[in-house]
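Those protein sequences? They're chains A and B, same order as listed. Under this note's numbering, the residues of the first sequence are numbered 9 to 127, in order. Under this note's numbering, the residues of the second sequence are numbered 9 to 127, in order.
These are computed hints drawn from the structure, not numbers from a lab. None of these values were measured; they are calculated from a predicted model. Heads up, some of the hints might be wrong.
Where chains are identical, the list cannot tell them apart; a pair therefore holds if satisfied intra-copy or between any two copies.
[What the hints assert, rightly or not] Derived DSSO-like pairs (lysine-lysine); straight-line CA-CA distance at most 27 Å:
| # | residue 1 | residue 2 |
| --- | --- | --- |
| 1 | K96 | K109 |
| 2 | K16 | K41 |
| 3 | K86 | K106 |
| 4 | K17 | K77 |
| 5 | K12 | K41 |
| 6 | K12 | K77 |
There are 2 protein chains.
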Amino acid sequence: MNLKEQLKKVQNYFSPKIISEVNNQYVKIAKIKGQEVPWHNHENEDELFYIIEGELLMEIENETNRILKTGDLFVVPKGVNHRVSSIKECSIMLIETKSTKHTGNVKSAITKSIQDQSY
Amino acid sequence: MNLKEQLKKVQNYFSPKIISEVNNQYVKIAKIKGQEVPWHNHENEDELFYIIEGELLMEIENETNRILKTGDLFVVPKGVNHRVSSIKECSIMLIETKSTKHTGNVKSAITKSIQDQSY
Chain A
9 MNLKEQLKKV
19 QNYFSPKIIS
29 EVNNQYVKIA
39 KIKGQEVPWH
49 NHENEDELFY
59 IIEGELLMEI
69 ENETNRILKT
79 GDLFVVPKGV
89 NHRVSSIKEC
99 SIMLIETKST
109 KHTGNVKSAI
119 TKSIQDQSY
Chain B
9 MNLKEQLKKV
19 QNYFSPKIIS
29 EVNNQYVKIA
39 KIKGQEVPWH
49 NHENEDELFY
59 IIEGELLMEI
69 ENETNRILKT
79 GDLFVVPKGV
89 NHRVSSIKEC
99 SIMLIETKST
109 KHTGNVKSAI
119 TKSIQDQSY
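Just need the whole structure built from these sequences, with the hints factored in.
Following this line, the structure appears as structure tokens:
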């Protein structure tokens with residue numbers, strides 16, 4: 009499968025879709041535009057971000073902000089508070105343990121269940 | 009980190025380098041040119057291939073050959089015999105459980121230890 013082809017199926021921002029799995033990890037794609045992701049962390053799970061296209065502002069608590077660009081890869085370690093946003097549309101791939109909740113234990117307007125993340 | 013920047017550090021073909029980790033998985037990059045990878049499988053581990061640049065011939069036992077292109081993602085399920093090759097240089101990202109041996113239990117001229125796969 010081609011990631012950019014898969015992205016055509018993603019209709020909504022902040023709505024990760026599961027496209028594959030590897031071992032006990034889900035591979036997801038998502039489109040981000042705006043600042044709707046709340047600060048959150050995943051207590052026991054790292055989260056990998058890969059920028060397919062665009063720029064993503066990665067905020068990590070107590071660290072200097074990072075701007076991730078096309079082709080960049082960044083892993084948020086487990087337990088670390090983070091928040092992502094983008095002014096223009098940004099397309100990302102995520103790799104997360106199957107048990108990972110995409111907004112951690114924080115419930116927000118964008119929070120989706122695993123069912124909602126399946127096609 | 010940027011994947012294409014990281015690739016500049018990879019000197020040799022068929023020599024995966026660990027660039028990150030997520031949960032119990034290594035993220036590796038590699039350059040492939042030629043047909044030196046033997047048929048092998050990973051008994052208990054899936055293996056994710058992402059094509060950063062180029063074309064990769066993915067052979068799966070008893071399946072039609074696939075040509076993976078830039079931006080394509082493919083997961084070889086555990087236990088499935090496979091072999092990859094490329095006529096021209098192809099750059100890939102791999103995601104594998106830390107315990108995965110890159111040529112399975114097959115020892116070949118290209119087989120590298122985990123130490124050899126670290127910078």
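Tested hints:
| no. | hint | in the structure |
| --- | --- | --- |
| 1 | K96 / K109 | within (25 Å within a copy, 41 Å between copies) |
| 2 | K16 / K41 | within (15 Å within a copy, 31 Å between copies) |
| 3 | K86 / K106 | both (14 Å within a copy, 17 Å between copies) |
| 4 | K17 / K77 | both (22 Å within a copy, 20 Å between copies) |
| 5 | K12 / K41 | both (17 Å within a copy, 25 Å between copies) |
| 6 | K12 / K77 | both (16 Å within a copy, 12 Å between copies) |
Comparing the model with each earlier hint shows no violations; every hint is respected.
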